[in-house]
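S.K.: Residues per chain are reported as follows:
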Amino acid sequence: MEHSYVSQAVQFLFAGLSTGSIYALVALGFNIIYNVNLLVNLAQGEFVMLGALTMISVYSRGLPLGLAFGVTTLVVGVVGILFDRLAIRPLKRPSIMLMILLTLGASTFFKGLALVAWGKDPYTAPTFSKTQSISVLNATFSTQTLWVIGTLIVVYVLLQLFLDRTIVGKAMKACSENPRAAGLMGINVKRYIMISFFLSGAIGAVGGMVVSPISFMVYDEGTMLGLKGFASAVLGGVGSYPGAVVGGLVLGLLESFSTGYISSIFKDILAFLALLIILILKPSGLLRRRED
Amino acid sequence: MKRTALFFILFAVGIYLLPLLLKGSYWMHILVIIGIYIIGAIGVDLVVGFAGQISLCQASFFGIGAYISAILSNTYGFPPVLALLIGVVATSAIALGLGLPVLRLRGYYLAIATLGFGLIVQSIFVTLQDITKGPDGFRNVVPLSIGGYVFREVTEYYYLVWTISIFILLLTRNVVSSRVGRALLALRGDDVAASSVGIDITKYKTQAFVLSAAYASLAGSLYAHYNRFISPQVADLSNSITMIIMAVLGGIRTVYGVIIGAAIMKSIPELLESILDYQMIITGIILVVLLLYMPQGLLGTAGSIIAWARRRRAG
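Going down the list, the protein sequences come from chains A and B. Per the numbering used here, the very first residue in the first sequence carries number 1; after that it's consecutive. Per the numbering used here, the very first residue in the second sequence carries number 1001; after that it's consecutive.
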């Protein structure tokens, strides 16, 4: 009896960590753009969807997994750049409202594009490892779960190294600290905004690719992921990278345990109720001190 | 100002004469839907446009009104008009309960809070199957009736809905040109400054939010009784976004702009029916292009052009 209790909890833990990792990846991508451009990109979830569907298409044409992964990351990164050039840069007087609507418009466009390209059928990819599932403490879960969690760790570490150790990363940080001053110091702020869109698209795509073997992907699947990623970023404190990871994992675990112990129908209700309460009690997010 | 009034009277007369031309056509149905959505979208203009608060849950209030109407009139046999009124009162109360804590938040924090509320409401409609009939939706909603008179024909709903939306348009016009409207504009511009000159910003924000929710609920009830079928889809985020686009497209803070916005947004799907798969791409492009190059909306841009032409003539 107790044994099954433990195995159940382990099961929920891994399920929560893996969905949470995807939310965290979306939230990281969201913060990268926000930090450089103060833009709230609600099309972030569509990068995830595009990543998953592009990889499945490329992979099914016989490319090796690693290559398919690389090609897709590049393609969606370039989609991010195009998005910046065509829809964001021409915006003359940005306001939060305009940016929210603009990115929602872009999100509709991406969904429409995917609908035409892939139709309404759901797709899934094979697991990355040959062994499909493993057991820990009598709990069985897909090996892909470990890939997802591992990917979050790798992406997070690489991102921090990039921002702290490379000249491009430092310049990007400078742009987010103070774009005007950075511009006066000779940093081409527009170029770094472009790089932030590339990175954000690429990270979204990576999230989509690693999750595609454990969840079906359809043209409109990205929206909910995007919203939950957005919620995670807000939970952790908008703009904070560790906050994105914590926010994503907290939301993922909350969903998985409430689904498991209470009922799957309360999944969204409890997660968003918690979000509402946290917002009301501590609007600056879990990891941020109050600024204003 | 006088010219606007003249245009509005001409518009109202046109609306009442239109059925003579379109009688029996499918467009009558579209026009009823447009009239209903105008009521919901004016609420968005009030909260988002005038008060400057980003609310992403207008469709939730629309849905709450629709479901209260359907449940009370079908399951409990209430007269539809009473069900509609109870819906408006209950929705206003819910909006007050949500607004008091949530409207203290700003920018995207408010956006995400209202978005979260919207998702919760939609899940409740899906979850409480015994009451709401779950994801498949509520069928055969009782048609609207006043006294013993039952509304059956599209034309009857047309006159009813448009009379209500014209009334709501005028009411909102009066609200925004009153003290309340000026207070809303002040807090939209700079809430700290507004509160420092003695404007009770929480009070005005909440009032706008509650009034807007009441409009949405009214629209939702009308929709439920007219369409006679509702599903949790009516409370979807995409429906909230549609209503925001209606307000922005016509021209935010113009009140009358929502007429154009609602007309365009509800006609596009009909006009693009033959290329249904491309509908999303086209809607996305229209939205992006409009926001980039005409952020004031169609009516706002027309206003700017007229003002510019006048300045030129005046030298």
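Keep in mind that the hints are not guaranteed to be accurate.
[Said to hold, decoys possible] Derived list of chain B stretches under chain A, where covered just means 3 residues or more per stretch with a C-beta under 8 angstroms from a C-beta of chain A:
#, stretch
1, 1111 to 1118
2, 1123 to 1131
3, 1238 to 1247
4, 1273 to 1284
5, 1291 to 1300
[As the list claims (entries may be wrong)] Simulated restraints, written as ranges between beta carbons of each label pair:
#, chain 1, residue 1, chain 2, residue 2, range
6, B, L1100, A, A9, 46 to 54 angstroms
7, A, P122, B, G1097, 37 to 45 angstroms
8, B, S1178, A, G183, 38 to 46 angstroms
9, B, L1100, A, S4, 43 to 51 angstroms
10, B, T1301, A, Q132, 54 to 62 angstroms
11, A, M224, B, Y1149, 56 to 64 angstroms
12, B, N1227, A, I277, 33 to 41 angstroms
13, A, D121, B, L1271, 25 to 33 angstroms
The set of hints was computed from the structure by calculation and includes no laboratory data. Note that the Cβ used here is the ideal one computed from N, Cα and C, for glycine as well.
S.K.: Quick check: does the Cβ-Cβ distance between B/T1301 and A/Q132 fall within 54 to 62 angstroms?
M.R.: 57 angstroms, holds
S.K.: Three or more residues of the stretch 1273 to 1284 of chain B near chain A by CB distance under 8 angstroms?
M.R.: holds (count 8)
S.K.: Within 38 to 46 angstroms: is that where the Cβ-Cβ distance between B/S1178 and A/G183 falls?
M.R.: 45 angstroms, holds
S.K.: Does the hinted range 46 to 54 angstroms hold for B/L1100 and A/A9 at CB?
M.R.: 38 angstroms Cβ-Cβ, so the 46 to 54 angstroms window is violated.
S.K.: Holds or violated: the stretch 1291 to 1300 of chain B covered by chain A, criterion of 3 or more residues with Cβ-Cβ distance under 8 angstroms?
M.R.: Satisfied; 4 residues make the cut.
S.K.: Confirm or reject the claim that A/D121 and B/L1271 have a C-beta distance inside 25 to 33 angstroms.
M.R.: The hinted range 25 to 33 angstroms holds for A/D121 and B/L1271, with Cβ atoms some 27 angstroms apart.
S.K.: Can you let me know if the beta-carbon spacing of A/M224 and B/Y1149 is within 56 to 64 angstroms?
M.R.: Given range 56 to 64 angstroms: violated, Cβ gap about 44 angstroms.
S.K.: For the range 33 to 41 angstroms, tell me whether the beta carbons of B/N1227 and A/I277 fit it or not.
M.R.: 35 angstroms, holds
S.K.: Taking beta carbons only, do three or more residues of the stretch 1111 to 1118 of chain B come closer than 8 angstroms to chain A?
M.R.: holds (count 6)
S.K.: Hint says 43 to 51 angstroms; check whether the CB-CB distance for B/L1100 and A/S4 agrees.
M.R.: 45 angstroms, holds
S.K.: Counting residues of the stretch 1123 to 1131 of chain B that have a beta-carbon nearer than 8 angstroms to any beta-carbon of chain A, does the count reach 3?
M.R.: holds (count 4)
S.K.: Starting from the hint 37 to 45 angstroms, judge whether the C-beta atoms of A/P122 and B/G1097 obey it.
M.R.: At 38 angstroms between Cβs, range holds.
Checked against the numbered hints above, the structure breaks hints 6 and 11 and satisfies the rest.
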